[in-house]
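**Student:** Chains as they are written, first to last, in the working numbering: chain A, 1 to 317; chain B, 1 to 561.
Heads up, a few of these hints could be off.
To be verified - Far from chain B, by Cβ distances over 12 angstroms, these chain A residues were calculated:
#, residue
1, L10
2, L25
3, L62
4, K70
5, V73
6, F115
7, L128
8, E176
9, S222
10, A290
11, T297
12, D301
13, I303
Said to hold, decoys possible - Heads up, simulated DSSO-like pairs for lysine-lysine below, C-alpha to C-alpha not over 27 angstroms straight-line:
#, chain 1, residue 1, chain 2, residue 2
14, A, K70, A, K7
15, A, K46, B, K196
16, B, K515, B, K475
17, A, K275, A, K100
18, B, K263, B, K541
19, B, K152, B, K263
20, A, K277, A, K70
21, B, K510, B, K475
22, A, K158, B, K540
23, A, K158, B, K541
24, B, K152, A, K46
25, A, K229, A, K122
Hint data in this document are derived by calculation from the structure and do not stem from the laboratory.
We put the beta carbon where it would ideally sit given N, CA and C, even for glycine.
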Amino acid sequence: MTKYIVKRVLLSLVTLWLLVTIVFLMSWALPSDPARAILGPFADEKLVEDFRETFGLNDGFLEQYFRLLKGLVTFDFGLSYGTKQPVWDVLAPTLWRTAKLATLAMIITTPISIFAGLIAAKFRDRRLDRGIVLTGLATSSIPEFVTGTLLAVVFGVKLGWFKAVAIIPEGTPPLEQLNYLFLPAMALAIVYFGYIARMMRAGTIQAMDSDYTRTAAMKGLSSSQVMRKHVLRNAMAPTITVMSVQIGYLVSGIVGVEVVFNYPGFSQALLIAVKQKDLPVLQVAVIISALVYMVATLTADLIIAWLNPRIRLEMGN
Amino acid sequence: MEHMDTEGEGLAISPLQGSLSRRTLVKRAAVAGLAVPMVGSFIASCGSDDETSTTGGGDTTGGSETTAAGGSETTAASGGTEGGTIKVGTFKPAGPLDPIAQADLGTYNVVSQSFECLLGPEGDGVGPALATEWVANEDSTEWTFTLREGVKWHDGTDFTADDVVATFERIVAVGDSIGGSISAGATTAVDPLTVKVVMNGPNASFPYLVSLFNPQTAITPAAYEAGTTLDGSPNGTGPWKLESYDPNAGAKFVRNEDWWGGKTPLDALEMIFFTDQASENTAQSSGATDVIQSFAVVGGDALLADENQNVVDVQAATHREVWFGCDEGNFTDVKVRQAMALSINRDEIVETLFSGKASVANDHVMFDLYPFHDPDAVEQRAQDIEQAKALLAEAGFADGLSTTLNAVDLGEVPQLAELIQSMAKEAGFDITLNVESTDTFYGTQWCVTYPCAGSAEFGIVDYGHRPVPDVYLLKAFKGGGDWNSSQYASADLDAAIVEYQSSAEEDARKVASGKIQTIMWNDVPAMIPYRYNGLAAYSKKFTGVQFTALGHTIVSAASQA
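Work the whole structure out from these sequences, hints included.
**Tutor:** This is how it looks when you write it as structure tokens:
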């Protein structure tokens, strides 16, 4: 198992290096000038030139590339082109905010989705099953920023039950922050419900139809024991895999919800870095996104291995 | 929804010579006792994040009072309650909080809370801020500024003439030169509270160029290095001290207890950044913010109809320039340019794009909101398809002319391009549209190289508000101007610009303005079909909130109602 983890970590480092290189090459291929993009088309040329000198934009390709790699290895990420603040100071608060929102969204959606998937599988092909499947299809088809806008207008502005925008005043107690985060978290939870419930349903049906489940039932175990000890463990594997991918998406892909609720999270920071051609921020943000995906998928694999001894053995080999 | 009444009184101190006259003081005190006059205008900054899309015909039954353009009243709030924090929704700064390099609304609004200029907005024009008096010599080639006594920087040190000298020298060193008006060594300290500035040429508009309406001239300490940012080195002379700054979330300011303008009624100011107009509107409607720096007619219906909001609607010189390549291509013949200008229906454009919340313009930048505008210089150009066809035929295009109109994808510009395309078709113009995002447009269609060259022969670009048209004239239309995408070169216009800038008296400026209007109207280096208003709003829980033409939110006199 240790060998497996070490191998995954080493592979991850290679993947990260490839990602950084691709982002760097793409930034070179893009037609516009980061200095002009930041300072605007009406800025004096001398100001633009000074900007280029300050950030080494006039240096050669290889010089810039190796400076980037050196900075990443020594955790010296440099300054943001857009704000002249250290890159980590720009991104760290956004990461924390996104982590809060993502955690709340997963807390809301995970138990409901898993339960719904189980129920749908148990009552397979009946009305309840069809209702859950259709609901899941519908909710996952609607973009989260559309759901978010509806929630904000109805529950935030019209009814006033929750805050319509997630602008959390400094010093707000954690429990009170829920008031601000609930609607954006629900917008995400509604979308993810579909993915997770359907995956849970499929995994449960497969486990329920398998030989070992039939054997367990014929041995005389009660249906709840069969579900708990045999079905659930095997049904969870694909669901956990889907959830790990969703976690990665929650960190870097929810810009629509962040914009609708004006929540200054990581996705927005990433988008702004792209638009402004703020390369130092963009490169670190891409690495962080990749790291989140890698950690999430590795964690998912380890949980699956813990649940399923056969997989544990395969990893060990 | 209650309208804000504005007196529109001429409290403006003449920019040509500034001091607090007794007459002005009395008038100001009288106005302070009335409902707070909301003189403000609003603008999208040139070339950057213009989020004030006003496209389409939204229902604006709420309406709002149109006020005079350009300035804001600096009176104290009337009868408000002291204490508390005000939350201002504003555009996210697009760049660093660098006073010299600031180039967008969001940055202007943040930086201006701490850093001040020599002159500030007042009434229809400018008034004292860090300078209390300013006087020119006979031909406006030298300006002398008397600085306000007793001003301190936030770090406790004294504000002196050395700070002004250092700031202006720094500005010249990075290439700005305050609109080309001064050179290195032009600014000297006569004494600790007096600064003399020698112009490159006669310039009667210089006070405007060192006012809040030219944000890059914010005065910074003598020891400040170019490139220093407000958040990197918090300081200033203004009413608010920066306490914290998160470039993605917002900024918090606390009262400057030693501000020269007195104690601000409010304790703190919180600026909340937005990247999306719709969410900014929602925040204002739901009470998450108390002030919204700008919003558009389209999408702003809820705010316009909201009885809990005070909406400010102010005319500004913000406009779109539809430039023609005058040096080569299809538009070198003035008849072709005139034909195009005659083919559009400006009233219909204003109604379609702004629901009437804009003013028809007349293909020159000496707009009617400037006091020196000559209303009799030229007639208002109206659509005349037959004349347009005749001119095209005279120019050798009896069978019509094909061209591409390049437009920046910003606000209502793409819709303006579509309207021009359909209107000009009747006159014989076959226009293909090319709309590009702001990321690429400025580098590929407009001023490809610097100073401006290589622009497309026909395009639409955006210009933000200026309290005087000097920047438009010098940069966009003077021969060799940095932003002269038309490559227009007219010795007559250049001479008229010099005459205008040299004229100290309003009558003389009006004469010069009339000449500029006439030349630009006849030559049509660019079509300028309209200038448009700005909208801002604040909750009725507060009073005394002010806005400026460049999107500044001034809450130094604001208080809870």
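**Student:** Hint by hint, which ones does this structure get wrong, listed from lowest number up?
**Tutor:** Of the numbered hints, just 24 does not hold.
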